[in-house]
Amino acid sequence: MLRLRLPLPRFVSAGEIFVGRGSLAALKSLEAARATVIISPSILANAELTARIEKAIGAVDMRLVAAPRGEPSLESLQPVAAALAEQRPDWIVAIGGGSVLDAAKLAWVFYEQPEAEVERIARPFALPKLRGKARFVAVPTTAGTGSEVSSAAVFTDTTTGRKRPIVSHDLLPDVAVLDPTLTVGVPPAAIAAAGLDALAHAVESYVSNFANPLADALAEKATEMILAALPRTFRDPDDLDARLEMMEAALLAGWVQNQKVPGIGHAVAHQLGRFHVPHGLACGALLVPSIEVNQMEDKARAGYRRLAQKIGLADERALVASIDELRATLDADDRLRTVIEGGLDRVVPERAAIREGALEDICCRANPRRVDPALIDEVLQRAL
Amino acid sequence: MSVEAQTSVIDELFSLPPYGLPEEQKRARLMEALHEAYRHHFAHCPAYRRYCERRGLSLDHAFADYAEFPYLPVQAFKENGELLASVDASEIKTRLQSSATSGVPSTVLVDKLTAKRQVRALASVIGEVLGQRRRPFLVLDVDPRQAGPTGLGARGAAVRGFLNLAREARYFMQQGAGGLTLDEPAFLAALEEFSAAGEPVCVFGFTFVLYINAVKPLLEQGKSFKLPPGSQVIHIGGWKKLVDQGVARDRFNADMHQALGVPPESVVDFYGFTEQMGVTYPDSPTGLKCAPAFAEVVVRDPTTFEPVPDGQEGLLEFLTPLPHSYPGLAVLTDDVGVVVQRGTGPDGWQGTHFRILGRAKKAEVRGCGDIMSEKVARPRAARAAAQQSTEDAPPSDVRLLFDGQANYTPRNFLTPIDLKALPQVEDLPALADRLKAARARLDYYTTDEIIALIGAAARRWAAPDSPLGPLRQQGLQFLSSWCQAPSMRNTADRSLRGARGFLDGFRPEDGSNRRLLMAQPRGLVSHWLAGNVPLLGMLALAQSMVTRNANLLKAASTFSSVLPALLETFRGLEVASPSGRVLRGDDLLAATAVIYYPRDDYESAAELSQLADVRLAWGGREAIESVLALPRRYGSEDIIFGPKLSFMVIGRERLATPRLVKRTARGAATDSSVFDQYACASPHTIFVERGGAECDPRGFAERLAEEMAKAAIRIPKAPIDSGTAAKVESARIRYELTGDVWRSSGTEWTVLYDELGVRGLAEPCYSRVITVRAIDDVLAAADFAHHGIQTVGLALDGPRRLEFARRAAANGAERFPDLGRMTFFDSPWDGLFPMERFVRWVSLGGPF
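From first to last, the protein sequence lines are chains A and B. For what it's worth, my numbering labels the leading residue of the first sequence as 963, then goes sequentially. For what it's worth, my numbering labels the leading residue of the second sequence as 3, then goes sequentially.
Take these hints with a grain of salt, some might be off.
What the hints assert, rightly or not - Partial selection, computed: residues in chain B whose CB lies under 8 Å from chain A:
| # | residue |
| --- | --- |
| 1 | Ala-458 |
| 2 | Arg-491 |
| 3 | Ala-494 |
| 4 | Asn-515 |
| 5 | Ser-581 |
| 6 | Gly-582 |
Since the hints were derived computationally from the structure, they do not count as laboratory data. Remember, predicted model here, so these are calculated numbers, not experimental data. Virtual Cβ for every residue (Gly too), placed ideally from N, Cα, C.
Next up, chain B with everything else stripped away, as it sits in the complex:
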């Protein structure tokens, strides 16, 4: 079939009344058009063809249902927009870019035919809602003609599409260095002018801009207008940013009514997205959305991505044959919705009626490094946002989870905590004083006696009958072994100038007793725990205990009962030492307490910070910056384990024999699976050098996939939320467009492969999604290290191993462990010896 014929089948759809086609007729015509579009993109877009072929589809495949068409997630347009072209580059007229509220913008390549269809589709739908009568538009946006050479991207295209029905358009926003500003005098003058004129007008703008920059200031100034009857407010762009600020639809509509005199039924929200620009979904008279003749909606389960029955919520997928220049015929969005009705609705519109319920739950932010790719919220802004959250508890509400007296959290640490049932800490400084006073009990013990106590408790954690058993796969075994006395002694010796004996009193420095040194406990260590790796906090706490500090720990909102469960093991624990002394776990507990307060409780956070002689914080960038912004005592020490990323490199020498390949793949799989890849030290990209005698980089990816499958049995994966599942699925689809994918049948693990080693690190996806990238010279990967990189797992031998580490360290990387050991906690960590920071060094005698 010729291109002309294809376009005619598709283009006919846009000449039909958008909401007037009986369901069966629409289905027949739309399915035919979608097939035509599919064939066109299959034939003309190599990436799309590759993607389809990987799914067993051919050019002439016959799809029985809308849901059978292969879909692309919106994220595919973020990374691979330039690859998604179904026409020759010379035909591309415009590159639409989304506003990138969620980070990376989408890119959509638009040719003349697509642009023409966009205009027709928009006009058809808008005309249905607004009527065909042209009227004045008051546009709360920048005049596209003044927007500069780069234009306004997708936003400008949308504005232009809507203005096809404008008799005249006036613009009231200006683009300045500080962002958009309202030309308020001009806007007020226009409102007055049109209120008086009696001709209905249309106020048009992006939902957020319209409200925040125009209507809210009007109301704050006590100004209101009454636009003539028949006037409308049309807004596009989505609710996300407004909802973040606590403004929902009802309040929005009510405020529009109050400020402009436009009744709620005349305030029309148009839904749409860049990847299918031109197709828009206005509120029907019943307030529902309705798919027009040239589009359809499918709802998919957010975890399995299978279509769900009508009435069930899920991710919204939209199909339309509109895009000609890029394969956007079926796009899975991040939005959640539900199909309410099919056929003719109570509004008289024909088509599938659906409701949008909001954005899909984002992938749960658990990894330290996850925050790296996010926009950094300033602490004050984060605080302000947190204070507006109605879910958080009121300020200054500190609860006690654990202290020397009792563990107040549920015995089963997986049970959610009812915070209100926990004892309230009325006086945080008094609690700190109590801990510091109890700290003196530790002076009775030698360092090694404290180490022996911790070791005895640690053996109980990992015992076969331990109630902590469910944490075995989350690092419990490692924690237990790390806290054993020999390991703790080594850590202490390494951290404290070669001899932990400095903790037990003055001793000679460099062999001379004319100058003595001693390591003095700093006093109170305040810990801010992170929720990504539940046991992490204990690694630092154990070191703080060995250095005889008192400890006050602020639990994370997740896994908050885990640390109390670990500490509970010390209660009543008695160890007889060879000296005849009895070492008591209760003495350690007396100087330790775990508290919780809501994240918007700035007052308590500031108090905890000011009480601290050492502030120790684990977490993502936002959490860390929040702690750093708190007031602190002069001279207090900070230990910050902030957001970091890690990767792995494999030299050709480790791919020389089948045995080496297997061992290397096994180690890589372990590192990529432990903690479900949420640790700072977990790799997300593996650079594999070409030239291995036994296998090439792609072959290694294949072997890695086999080992990932085995690791999934050895290290069972924790359940994931729907946002994470969507992210995993999206990453897989992106690589189906451009590279190779090996995957479990569910979302347990994924190996992605491409030849883009020169492009550097792949975007982390977490949840056991590992990207293998081929590289000619593995040493070049050292240049991908920077100050945000913590760990580089090394599978290199000889001088190249030293050279790589030297280069990568110069660029900012801090650890170069062996494969299979990347996530083992170590000293130094993040470039520092924590134990060394828990003490003050005191000198006696000299100096010389």
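Looking at chain A on its own, in the form it has when it is part of the complex:
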């Protein structure tokens, strides 16, 4: 990968991507000596699925290791890191939702760089290079986070409750597999949250300050696909075609967010981890408020309008209406208020920390409208 200092649009991605029913079989060709498969506990509990996975991965010695439950923290990663230090794999395979993929990426980092200090590697692109020890496969089992094509891994800082990303193109997987047959059993609420996260990736990033025409085309396609497919998968989780379509849409949206970076909605959503709000849920709730505050400026409004028109809607208002309609379909309208018991009143005492955290988040730099504490307050108020 070229080391550029210029802010030129570039397109980075996972090395190889396999998509489709049964595409997990591609991992038969992995040719690993020792593979550690970091897997979500729910899949690990599924004997049939586990057996399929074991059969599908080509490795002389393979071990399945449970990923920590929920979003990873340095503390919860320790058993995974210990398993890696013991087995010393040359391939790491992550199978699960976005949190599992992020947990596996972080475990990979500490396996290769046990001395790594979080404060140092959390600086953007400060992570020393990976792969002297192992390569990485991402197999998402939800359609939303785009972690399989993301240069970031997010963890929760348990001392502050904040989510912190480690960003490096070295974190892009060598191989990604999008197999809808692995998404069996994901509850509708999780499908909705992940899908709204993907939608936010596409829409927020579309108006980002970081221009990237290639990614814009993908954002238009992703938005169109999500608006159509997400209600279908929500209603009928067994509809494999719809699930595959959502996985593809989430992949497109993941590409978009990785090249262009979303905006204020994601910046604030990253701060709501302290209230144990699932990331996708927060992003979904904050998407419309962020459009509303941004479109007060002409440039952003023109961007939303262009996106709307590209997908066959009249203008930005129609886009907002479509998103509201989708959220209603997904029963996501009041979810945020439900999760944060007490709503805005509960958030107010923590507002200073939320502002501070959001302003430090790279997503604020990408937001088309200059972000200040007042804008953050307004977004929160509209969401809650």
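Dock chain B against the given chain A, drawing on the hints supplied.
Then chain B, alone, in the frame of chain A:
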């Protein structure tokens, strides 16, 4: 004043009794003669004139004292002998060349007048010692008439000079293919003949030849003679080689007495040197030397070169107006002596009495490349010489400096070690077994956990409160940064087929798990450390640790506490890994030990070598060849970082703007200052291409001098010994004869400049002496690379950069770093990846 008048003032001196002139009279006459000689050489030798003018002297300068005359060091005659001519080339009759015991011979151009004075001066002094009566000479040398067309050089001239007092001369040495051999039957017959005849004879020869080839064999055969009373032994040529063999004056004289029956007081040593051939200094009856009427001695401080008071030791400078054809009127020698008395001595001789104490301490050999210019000693010869040294400890005396239990060296690593106070290693194989057993502890750690441990220790080395602070300017900062985990990981990945993961078990080669590869530690690595760059050893040791080898290190005699001080940082060090495992520095130390044994302890050296699965040696040629000559285990691996030299090239494109010039000069100054230029990768010559828009090569030298001055503040220089100071001073003087010199007021730094780029690399002087040479096409400098060249610092751009590196690499050079980074340790180094040599590659499956 006419030449005739000049010669008369000077020549009058040789007709005076050499030791009969009262001090004041001698001073008046000799000073006048020296002034005349000075004016003659100033007027007729352009190089000498240039040299004098650079020192602010004019043709008519009046010198108030002997010490004020500008002197030339003997080394000036080695490189520039042909330039030192004060007469037309057609007048040169002879080119005298010294015997070159110290490497490059001196060249002295002799015309008819100089030769005539040499004969007169010699005759005058020799007559004083031997009397005017002519007698038979038994000469332990080759007959000059049979010496072939090239003659015997200065040696032959000296022999001929002494034989002026011979009634007859018989020669007893023959020049063969294998060197000089004694015609023993003829010599024995002559001794018998003259012993019986009763006429005093004179046995004459060079000190070393006389003793080793004639007298020593006689004594070994139990033969002795009694030459008639009044017989004498006269020897010339100096003591250096004999002293190297442990033969001092007393033993020499006693053996002469025993073998030839000549009492010690009749054994006369004549001191002299090629650069002032004809002036000779015999032992006076009191055993002192005495300057004759036509010469004087000045003693100079070996570091500052200022004259010292009588009674104080220093370098000997001799003045004489004798040389007419070359400006040898004041010559600074490598010999150390002391003025004992002035005026009339107890022997009745008048003149300055002095004593010669030996050769000046040679420049300390610290640089790997320093050895390049030296004659290579065969390991066996080196061993034999070492065994004769009375200063070395007895054989098989291995001491433990450091192991997993303790650091036995002083806490302050600059404190000299009392070796006798260190624990003795009774059983080296047992120590090796212990280290190898402890090595297994490292198998518990992943490669990156070991790297993390080393990185944690390395951060402590450079911490503000680190006890290693004094080493900051000797590369500590760099070492610390080089040993940080990201850097070590890169080195490991680069060295091990792109993935350090091979150290952690079998993994696919080329993506197929039908064939797996693994890098297996070799076992025990024996290191022989060098003393030139104290921290160097750690660079290899860290790599050996990462590859999970046990390490047994033989410290150098200098800086021997440095590595223990670095390793001590690991003791008690604990690092918690994200996996919850605790990484312990003590586990690394358990597999590491540092020992020392004297360099003549062949037995221990051989044992260390035979125990090794990998032998790793740093050092000069002699040290390296000694290691290579040791017995070794079949299949063991050798990593040799031997003597190399380096240089730098600067293309005109890097001299295009003021900013580029400054940056280039700054980088060049850094490279020439780090490690005081003692690293293999330090440049000694900088080739600067003509045609730079901003400055020409000479202008660059001037800018470089400014940056050298700044670098001296940024990178303080370590104190230097007197031998090195003399070498620096001598290099400066040589360039004052032929080129340009920029220098610090002391010996901190020196920039030399000449237009002799086509002649190639300048002789390394070390100690921040850098030679800038102008060159028309910098690509031509690629042809100066050879297999003894390690690094060429490149300031070139575009295709020329690639082309230069390609050409120079084909000639043998190995690294082409950027300026300012030449001495940064790197992988590969000396053409190899050390880490790759610390492992055995093991395959599983296949082959396909």
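Right, here's what the structure says about each hint:
1. Ala-458: 7 Å, holds
2. Arg-491: 6 Å, holds
3. Ala-494: Holds, about 7 Å.
4. Asn-515: Check passed: Cβ of B/Asn-515 comes within 4 Å of chain A, closer than 8 Å.
5. Ser-581: Since chain A brings a Cβ to about 4 Å from B/Ser-581, closer than 8 Å, the hint holds.
6. Gly-582: 5 Å, holds
When held up to the earlier numbered hints, the structure conflicts with none and fits them all.
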